[in-house]
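J.: Protein chains in written order, with our numbering: chain A, 52 to 131; chain B, 52 to 131; chain C, 52 to 131; chain D, 52 to 131; chain E, 52 to 131; chain F, 52 to 131; chain G, 52 to 131.
Keep in mind the hints are simulated off the structure, nothing from the lab. Note that the Cβ used here is the ideal one computed from N, Cα and C, for glycine as well. Check each hint, because a few of them may be wrong.
In silico lysine-lysine, DSSO-like type, Cα no more than 27 Å apart, as pairs [what the hints assert, rightly or not]:
#, chain 1, residue 1, chain 2, residue 2
1, G, K83, F, K126
2, G, K58, F, K66
3, F, K107, F, K58
4, D, K107, C, K66
5, A, K83, B, K107
6, F, K85, D, K69
7, D, K77, C, K107
Partial list, computed: chain G residues near chain F (C-beta under 10 Å) [stated by the list, open to error]:
#, residue
8, L61
9, V63
10, T68
11, I73
12, L76
13, E79
14, K85
15, L95
16, V103
17, G106
18, R118
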Amino acid sequence: MSQTTSKRPLTVLQKNTKKDVIVRLKSEVEYKGKMENVDSYMNLIMTDAEEVNQGKTVGKFGRVIVRGNNVLFIKLENEF
Amino acid sequence: MSQTTSKRPLTVLQKNTKKDVIVRLKSEVEYKGKMENVDSYMNLIMTDAEEVNQGKTVGKFGRVIVRGNNVLFIKLENEF
Amino acid sequence: MSQTTSKRPLTVLQKNTKKDVIVRLKSEVEYKGKMENVDSYMNLIMTDAEEVNQGKTVGKFGRVIVRGNNVLFIKLENEF
Amino acid sequence: MSQTTSKRPLTVLQKNTKKDVIVRLKSEVEYKGKMENVDSYMNLIMTDAEEVNQGKTVGKFGRVIVRGNNVLFIKLENEF
Amino acid sequence: MSQTTSKRPLTVLQKNTKKDVIVRLKSEVEYKGKMENVDSYMNLIMTDAEEVNQGKTVGKFGRVIVRGNNVLFIKLENEF
Amino acid sequence: MSQTTSKRPLTVLQKNTKKDVIVRLKSEVEYKGKMENVDSYMNLIMTDAEEVNQGKTVGKFGRVIVRGNNVLFIKLENEF
Amino acid sequence: MSQTTSKRPLTVLQKNTKKDVIVRLKSEVEYKGKMENVDSYMNLIMTDAEEVNQGKTVGKFGRVIVRGNNVLFIKLENEF
Numbered sequence: 052m053s054q055t056t057s058k059r060p061l062t063v064l065q066k067n068t069k070k071d072v073i074v075r076l077k078s079e080v081e082y083k084g085k086m087e088n089v090d091s092y093m094n095l096i097m098t099d100a101e102e103v104n105q106g107k108t109v110g111k112f113g114r115v116i117v118r119g120n121n122v123l124f125i126k127l128e129n130e131f
Numbered sequence: 052m053s054q055t056t057s058k059r060p061l062t063v064l065q066k067n068t069k070k071d072v073i074v075r076l077k078s079e080v081e082y083k084g085k086m087e088n089v090d091s092y093m094n095l096i097m098t099d100a101e102e103v104n105q106g107k108t109v110g111k112f113g114r115v116i117v118r119g120n121n122v123l124f125i126k127l128e129n130e131f
Numbered sequence: 052m053s054q055t056t057s058k059r060p061l062t063v064l065q066k067n068t069k070k071d072v073i074v075r076l077k078s079e080v081e082y083k084g085k086m087e088n089v090d091s092y093m094n095l096i097m098t099d100a101e102e103v104n105q106g107k108t109v110g111k112f113g114r115v116i117v118r119g120n121n122v123l124f125i126k127l128e129n130e131f
Numbered sequence: 052m053s054q055t056t057s058k059r060p061l062t063v064l065q066k067n068t069k070k071d072v073i074v075r076l077k078s079e080v081e082y083k084g085k086m087e088n089v090d091s092y093m094n095l096i097m098t099d100a101e102e103v104n105q106g107k108t109v110g111k112f113g114r115v116i117v118r119g120n121n122v123l124f125i126k127l128e129n130e131f
Numbered sequence: 052m053s054q055t056t057s058k059r060p061l062t063v064l065q066k067n068t069k070k071d072v073i074v075r076l077k078s079e080v081e082y083k084g085k086m087e088n089v090d091s092y093m094n095l096i097m098t099d100a101e102e103v104n105q106g107k108t109v110g111k112f113g114r115v116i117v118r119g120n121n122v123l124f125i126k127l128e129n130e131f
Numbered sequence: 052m053s054q055t056t057s058k059r060p061l062t063v064l065q066k067n068t069k070k071d072v073i074v075r076l077k078s079e080v081e082y083k084g085k086m087e088n089v090d091s092y093m094n095l096i097m098t099d100a101e102e103v104n105q106g107k108t109v110g111k112f113g114r115v116i117v118r119g120n121n122v123l124f125i126k127l128e129n130e131f
Numbered sequence: 052m053s054q055t056t057s058k059r060p061l062t063v064l065q066k067n068t069k070k071d072v073i074v075r076l077k078s079e080v081e082y083k084g085k086m087e088n089v090d091s092y093m094n095l096i097m098t099d100a101e102e103v104n105q106g107k108t109v110g111k112f113g114r115v116i117v118r119g120n121n122v123l124f125i126k127l128e129n130e131f
């Protein structure tokens, strides 16, 4: 019933482009910034991103493309 | 005979959207919360989720998309 | 000659749904319980399952979906 | 010339069903027993199998299905 | 709406050929240089590249082809 | 020009069936013996094979099927 | 515009057959020698190759086939 395509994880992810996200990789490192774009493999472009390792900012990225297979999770902004 | 498609793991998983689950990842970390949606790759959106590591809550997520390949198991609510 | 499809591993696995199995994962942890259902990727639903680590029961699951790629082996009941 | 399909690894493997084999997994653990059946992914059903770890029998299996991606090698009986 | 193909990660990556990038691999080693070309698997040709390990230049490459599956991220030049 | 199919790695591998090879796996263990047959996935049947670990023969195999995904390299006899 | 197929990584790799390359594997070991041939999976045949581990030559290969999934990078000769 309510399982419409528009609620599927990858569709929801698409709807959140241009918003701030936190991407955690399998290596535990996190990238905080604007998810400029993303594809169905979870390859993503982030802009104005900070790299955070164990709570500390260890790098800054104006624009970076993360390869999707490294992603553990993507934390979205809370509102729907 | 009783092997109808409606009982297959991925179908049962779909039926449990909007319910509370515990997702354990390969890294042993667990996410407890509402499984807002899930796809056949086991990518899932969780809302109001807690991250639990060795029994301790280590994070809170309003809304998070977990990449399916990291999933070890998904514990469902008990009733069918 | 005797290589009929009905004896293939995945077919035999399907025939054992609703029976008790022991599933060992790559991480060496085992799940003992009823294999409610399984698909060709070895994703499986187990009910009334115990999680056993190095001989000790460390968890109980009313109903859990294990992602197939983590499976090392599935021990079946002995009769054919 | 002599590269007929009947000599390919997976075909030879199929011909050895119902024979005794030793299956070594990537984890170095070995399973000795009768290869009841096998598919092209090297998923296999073994019966009357012993689990051997560093030369010691550590388990017995009446019937077990091993997921093919864990297999390192399968030692066949010697005759062709 | 704004999800045009021209903004997808792999398309943006293509547009940045001939520009300087920093490629970090899963092993944490980085390659700085000109991304001469790249394909959709993120296989890439770099020219005049330096290999940097924990802040130190440890190698120089006139021309090197990196296999895409090793890539963690590709840092692009900042302007769009 | 000279890039004929007959020189491709998998074709050359096929031409070397029935010859002696040394197969090194990712685990660093090596198998020396006759490559009875091989397929495009690099699954191979070896006969009269020795297992060599850090220079020492640690096992003998009359006939063994190695799953291709474990292969690091296959050393061929030198003549073309 | 300038993204012609002839400049893609795998095409450039093909053009460098018969030339000397250095292949580094994920295990950090390197193979120096002539890239006799290569396919799109980066399986490659090398001839007159040296195996180099942490700067030391540890093996010699008249002819060896490396399975592509192990490749980290392939350093090409510098001229285009």
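J.: For every hint, state whether the structure bears it out.
T.: Hints and how they fare:
For a cut-off of 27 Å, the pair hint linking K83/G to K126/F stands: about 14 Å separates their Cα positions. With a C-alpha separation of about 31 Å, the suggested pairing of K58/G with K66/F is violated against the 27 Å cut-off. For the given pair, K107/F sits about 34 Å from K58/F by alpha-carbon distance, which is inconsistent with the 27 Å threshold. At roughly 32 Å between alpha-carbon atoms, K107/D and K66/C are farther apart than 27 Å, so this suggested pair is violated.
Proposed proximity of K83/A and K107/B is supported: the alpha carbons are some 24 Å apart, at most 27 Å. Between the alpha carbons of K85/F and K69/D the distance comes to roughly 25 Å, so the proposed pair stays at or under 27 Å and holds. With a C-alpha separation of about 25 Å, the suggested pair K77/D and K107/C falls inside the 27 Å cut-off, and the hint holds. Checking L61/G against chain F: minimum C-beta separation of about 12 Å lies over 10 Å; hint violated.
The beta carbon of V63/G is not positioned within 10 Å of any beta carbon in chain F (closest approach about 13 Å), and the interface hint is therefore violated. About 7 Å separates the beta-carbon of T68/G from the nearest beta-carbon of chain F, less than 10 Å, and the hint is met. Interface restraint check: I73/G against chain F, minimum CB-CB distance 15 Å, threshold 10 Å, status violated. Interface restraint check: L76/G against chain F, minimum CB-CB distance 7 Å, threshold 10 Å, status holds.
The criterion of a C-beta within 10 Å of any C-beta in chain F is not met by E79/G, whose closest approach is roughly 12 Å, and the hint is violated. Below 10 Å, beta-carbon pairs count as interface contacts, and K85/G has none with chain F, the closest being about 13 Å; its hint is therefore violated. Of the supplied interface hints, the one on L95/G holds, with its beta-carbon coming within about 6 Å of a beta-carbon of chain F, less than 10 Å. Hint status for V103/G: violated, given a least beta-carbon distance of 14 Å to chain F, over 10 Å.
Taking 10 Å as the C-beta contact cut-off toward chain F, the hint placing G106/G at the interface is violated, the least distance being around 19 Å. Against a cut-off of 10 Å between C-beta atoms, the interface hint on R118/G holds, since the closest Cβ of chain F lies about 5 Å away.
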